[in-house]
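A.B. asks: First to last, the protein sequences are chains G and C. The working numbering numbers the first residue of the first sequence as 1 and each following residue consecutively. The working numbering numbers the first residue of the second sequence as 1 and each following residue consecutively.
Mixed in with the good hints, there may be bad ones.
No copy is singled out in the list; a pair is fine if it fits within one copy or between any two copies.
Claimed, not checked - Calculated pairs, SDA-like style, for lysine to any residue (alpha carbon to alpha carbon, straight line, at most 20 Å):
no., residue 1, residue 2
1, K352, E90
2, K367, P33
3, K59, N334
4, K86, I38
5, K301, K338
6, K301, G20
7, K171, N153
8, K352, I96
9, K352, N114
10, K14, Q119
11, K13, Q228
12, K291, F19
13, K216, N91
Calculated from the structure, these hints are not laboratory results.
Residues per chain are reported as follows:
Protein chains: 2
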Amino acid sequence: MKNNKGERQVDAKKKLEEFGASILNDIEKGTDPKFRTISRSRSNVHYDAKNGVLALGQKEEERNFVNVAQAKRFMQTMAVAAKCHKFLSENLHTTIRGLFYQLKYSLGEDVDENIFNEQSESNPLIEDLEVSINVKRESLNLNANRKGILAGNLRVLDNFGGERIEIDASKQGRSGWSIPSDVDNDIEFVDVKAKYVLVVEKDAVWQRLNEDGFWKKENIILISPQGQASRGARRLIRKLADLDLPVYVFNDADAWGWYIYWTIKTGSINLAYIGSDIATPEARFLGVTMKDIETYDFLKKLVMKASDVDIKRAQEMLQYPWISRHKEWVEELNKVIKTKTKLEEDTLQAPKLTFVGDYIREKVKNKDLLP
Amino acid sequence: MKNNKGERQVDAKKKLEEFGASILNDIEKGTDPKFRTISRSRSNVHYDAKNGVLALGQKEEERNFVNVAQAKRFMQTMAVAAKCHKFLSENLHTTIRGLFYQLKYSLGEDVDENIFNEQSESNPLIEDLEVSINVKRESLNLNANRKGILAGNLRVLDNFGGERIEIDASKQGRSGWSIPSDVDNDIEFVDVKAKYVLVVEKDAVWQRLNEDGFWKKENIILISPQGQASRGARRLIRKLADLDLPVYVFNDADAWGWYIYWTIKTGSINLAYIGSDIATPEARFLGVTMKDIETYDFLKKLVMKASDVDIKRAQEMLQYPWISRHKEWVEELNKVIKTKTKLEEDTLQAPKLTFVGDYIREKVKNKDLLP
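Hey, can you work out the whole structure from these sequences and the hints?
C.D. replies: Shown next, in the form of structure tokens:
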């Protein structure tokens with residue numbers, strides 16, 4: 001596994017210092033202070049077919065200080081970089097909200113002028129910096145929202161608060177191990193023993209499978225992103241796939257379930273700038289599918305009416321070439337559009353509570369998966 | 001601590017059997033099958049000043065089978081009770097959604113008629129049953145949504161999946177222990193060593209304090225409900241208060257922060273039927289408060305514009321006698337209404353990231369708390 005030493009993944013502090021030195025060099029040379037970043041605008045986001053991820057294109061942008069339209073933002077970016085350098089020096093983490101309040105405060109109580117007024121000003125500048133120095137915010141000690149839970153034969157060494165804490169994800173009982181924001185720095189995954197990774201959209205279904213000891217019996221890693229997957233959960237899935245573990249995703253057959261799957265698989269437009277770090281193109285969709293109704297007759301009674309959002313989303317997805325090139329997905333989405341129905345993963349508890357596990361076993365055995 | 005044996009809290013199965021036997025007895029006697037429950041309508045919810053919780057009043061209701069308006073719901077309630085009895089016999093858990101799908105399926109694939117069509121039909125019947133036999137749904141093996149995280153000197157014995165798993169909430173690193181749906185049955189809290197319980201609205205601030213080792217230095221239990229508190233988190237806070245630990249709540253000074261506090265303290269209208277089990281009237285509000293601006297001058301620069309929702313909520317709260325009887329709250333809410341500003345707990349990171357902890361220490365030392 002890449003970076004399994006429990007050390008810092010990149011020397012972000014050094015990169016920030018080089019960034020600062022380059023600006024300083026411009027000033028000393030008497031030239032316009034500037035730095036380069038890559039455009040994150042929609043027009044520069046594309047599907048990278050070779051790598052199977054949504055990624056940024058080649059379009060570079062220069063940020064200049066001697067430019068009326070850019071001077072303030074340039075100064076603000078320097079303030080963001082300086083704060084991140086401070087957080088790294090202190091070895092303390094915060095969030096982009098915490099950073100914003102530090103920036104707003106930073107001119108002191110006696111100065112009426114603020115460097116920042118709204119967080120909407122600082123957020124894009126953090127992304128500018130991430131792209132420019134090629135360091136994810138997690139490595140700048142900025143935690144993103146965390147969400148997601150894991151159980152399985154996986155041990156983690158968490159270098160935290162001056163201690164080296166071992167967490168055994170097979171000994172977390174009903175609770176599971178809560179997936180952190182940053183799964184790269186100061187954290188080490190050891191002794192991953194599993195046949196595959198199962199990602200289950202809903203925490204309720206994760207709890208059902210956890211109670212059945214499904215991950216133990218099948219020797220798998222059981223993850224729930226608990227809805228849309230956080231940056232941390234996506235990065236963790238990527239890292240597990242790097243260990244050559246197959247990744248199967250078990251979601252609802254509806255707009256939200258598909259969206260969660262494709263975000264895990266190809267990344268998302270908003271996070272295209274870190275696309276290959278958090279996308280898992282190897283992932284396969286295990287279910288539930290509308291096709292399952294042919295196999296499991298009882299599902300006929302349990303379909304739900306699709307909402308307008310579901311139908312609209314299915315139509316949109318058919319327009320994405322990286323989805324429509326798979327005939328299995330075209331059939332699946334057309335079934336929803338035509339029948340105006342959808343299916344939830346929870347339905348598989350209907351005949352008996354433990355049927356969810358039987359269903360998954362059958363699907364995996366028969367490799368009955370969507371691409 | 002009540003129920004610290006790691007056994008089932010109540011014999012829910014026996015209660016369901018008694019419930020069924022009573023109905024059967026009516027049938028055998030040739031009288032109308034019936035059961036009694038307590039009305040959960042708004043008009044029967046009141047603030048119980050003696051116990052400091054929102055609770056149900058005395059108004060009872062009878063559910064009858066021989067009644068055109070009630071026959072279907074009566075039959076449905078029996079189906080709910082039978083399913084819960086089955087789950088308890090199987091020693092398996094599900095959610096109210098899983099229960100719904102089992103009910104919908106239960107007449108089998110060959111019968112066109114459904115006992116239930118929508119989950120909105122089954123949900124109120126579960127509450128009817130909970131109230132009628134005085135058993136919380138968690139004890140009927142129905143998990144509620146879980147949310148919330150904990151760190152501190154607390155060890156838990158989790159009887160789960162045939163194993164007796166010890167979880168040490170002081171050894172969970174950056175992640176913390178994820179608070180389960182059910183903190184009563186088959187779970188035992190042992191070795192709780194703490195001076196007080198600190199409940200922090202935002203997970204981001206919880207992570208900040210966790211990184212500082214705040215709970216270790218101060219010897220406290222550090223909880224974040226991660227927004228509105230789940231049933232499980234509220235029940236856990238109640239159980240910790242039963243150990244005579246003071247409970248301090250640290251939230252935003254805005255509509256949402258106040259709501260989360262008062263829900264923890266007095267319970268909520270929707271859950272008034274289990275009010276005293278999940279409310280902690282002993283809880284105190286540590287901050288942030290608008291009054292803090294007088295103490296900490298830097299906050300002046302960092303207040304936010306209050307939204308219409310914040311103002312409206314402050315006005316509504318002034319109408320609740322259990323809030324308006326506290327002059328400290330009247331002053332606090334009037335400050336928001338008058339200045340049209342509010343304050344976030346994240347602001348306390350502005351002067352330095354570790355200032356959040358300094359602030360809490362100061363507040364606790366001076367007992368500078370709202371009732």
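A.B. asks: Can you name, in rising order, the numbers of the hints this structure does not satisfy?
C.D. replies: 2, 3, 4, 6, 10, 11, 12
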